[in-house]
Amino acid sequence: DIQMTQSPSSLSASVGDRVTITCQASQDIRNYLNWYQQKSGKAPKLLIYDASNLETGVPSRFSGSGSGTDFTFTISSLQPEDIATYYCHQYDNLPLTFGGGTKVEIK
Amino acid sequence: QVQLVQSGAEVKKPGASVKVSCKASGYTFTGYYIHWVRQAPGQGLEWMGRINPHSGGTNYAQKFQGRVTMTRDTSISTAYMELSRLRSDDTAMYYCVRESCTTRCSPAHWGQGNLVTVSS
Numbered sequence: 112d113i114q115m116t117q118s119p120s121s122l123s124a125s126v127g128d129r130v131t132i133t134c135q136a137s138q139d140i141r142n143y144l145n146w147y148q149q150k151s152g153k154a155p156k157l158l159i160y161d162a163s164n165l166e167t168g169v170p171s172r173f174s175g176s177g178s179g180t181d182f183t184f185t186i187s188s189l190q191p192e193d194i195a196t197y198y199c200h201q202y203d204n205l206p207l208t209f210g211g212g213t214k215v216e217i218k
Numbered sequence: 007q008v009q010l011v012q013s014g015a016e017v018k019k020p021g022a023s024v025k026v027s028c029k030a031s032g033y034t035f036t037g038y039y040i041h042w043v044r045q046a047p048g049q050g051l052e053w054m055g056r057i058n059p060h061s062g063g064t065n066y067a068q069k070f071q072g073r074v075t076m077t078r079d080t081s082i083s084t085a086y087m088e089l090s091r092l093r094s095d096d097t098a099m100y101y102c103v104r105e106s107c108t109t110r111c112s113p114a115h116w117g118q119g120n121l122v123t124v125s126s
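These protein sequences, in sequence, are chains A and B.
Everything in the first sequence is counted per the working numbering, starting at 112 for the first residue and increasing by one.
Everything in the second sequence is counted per the working numbering, starting at 7 for the first residue and increasing by one.
Hint data in this document are derived by calculation from the structure and do not stem from the laboratory.
Even glycine gets a Cβ: it sits at the ideal position worked out from N, Cα and C.
Warning: the hint list may mix true and false statements.
[Stated by the list, open to error] Cut-off 27 Å, straight-line C-alpha distance, at most; resulting in silico cross-link-like pairs (BS3-like, lysine-lysine): (1) 69(B) x 19(B); (2) 19(B) x 214(A); (3) 18(B) x 153(A); (4) 69(B) x 218(A); (5) 156(A) x 218(A); (6) 153(A) x 19(B); (7) 218(A) x 25(B); (8) 156(A) x 19(B); (9) 153(A) x 29(B).
[What the hints assert, rightly or not] Okay, the calculated bits of chain B under chain A, using three or more residues with CB under 8 Å as the criterion: (10) 46 to 53; (11) 110 to 124.
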């Protein structure tokens, strides 16, 4: 199984800050990586697909990059409504696997 | 628009089975795989498996092999996930998720979730 190592597990930042989350795959997954946002008590929501493509309707302050084994998710200017847990997810191979999540809080 | 509506919360005793449903609308049901993902309280996301609604073919995570069965009824655009021999650590929110496809298909559209509580 492909292991997805996400870091940090949590972070606290101020409104307007740039926030970066990393995700490392245990083997090459090309660009088959999604990023999801999960707000408290809600289902996850797809933000980024194919490592760097913004899902329709998602604000442009969210972005993703990377390929192979190393990926980055960025919020360019943190907003109060971005408080959530973020997960990376590989879909190159079955079984599909997820990173452990990053909880983003406002300082 | 794509909508997945799941059945209500369930409370089951250890050793019992649970069958949750996922009714799809807003697209051609047989055109996209449905995945099942679960999330234990305060924990991360765990992929359980997927079903091809067109053929009925399934792929299960090894962890759930022998305990999970995914089926579908194309006449009512509904997918089902049945988990047997329930244990307390099966207490979780269970989500159905429809794929979206670009160069590769991946889980994209989530149902609202089904809370399954296993308790004696």
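Satisfaction of hint between residue 19(B) and residue 156(A), Cα-Cα up to 27 Å: The hint is violated at about 31 Å.
Verify the proposed pairing of residue 69(B) with residue 19(B), using a straight-line Cα cut of 27 Å. holds (21 Å)
For a C-alpha distance cap of 27 Å, please report whether residue 153(A) and residue 19(B) respect it. holds (26 Å)
Taking a Cβ-to-Cβ distance below 8 Å as contact, does the stretch 110 to 124 of chain B have at least three residues touching chain A? Our answer is that it holds, as 10 residues pass the Cβ test (under 8 Å) against chain A, meeting three.
Restraint check for residue 156(A) with residue 218(A), where alpha carbons must lie at most 27 Å apart: Judged against 27 Å, a Cα distance of about 24 Å means the pair holds.
Pairwise hint evaluation, residue 29(B) against residue 153(A), where the allowed Cα distance is 27 Å at most: holds (18 Å)
Agreement of residue 218(A) and residue 25(B) with the hint, judged by alpha carbon distance not exceeding 27 Å: violated (42 Å)
Check of the stretch 46 to 53 of chain B against chain A for coverage (Cβ-Cβ below 8 Å, three residues minimum): Check passed, 4 qualifying residues.
Hint check: residue 18(B) vs residue 153(A), CA-CA at most 27 Å. Holds or violated? holds (23 Å)
Mind checking the alpha carbons of residue 19(B) and residue 214(A) for me, to see if they're no more than 27 Å apart? violated (32 Å)
Against the 27 Å threshold, does the CA-CA distance of residue 69(B) and residue 218(A) hold or violate the hint? Violated: residue 69(B) and residue 218(A) sit about 39 Å apart, past 27 Å.
In the structure shown, a violation is registered for the earlier hints numbered 2, 4, 7, 8, in ascending order.
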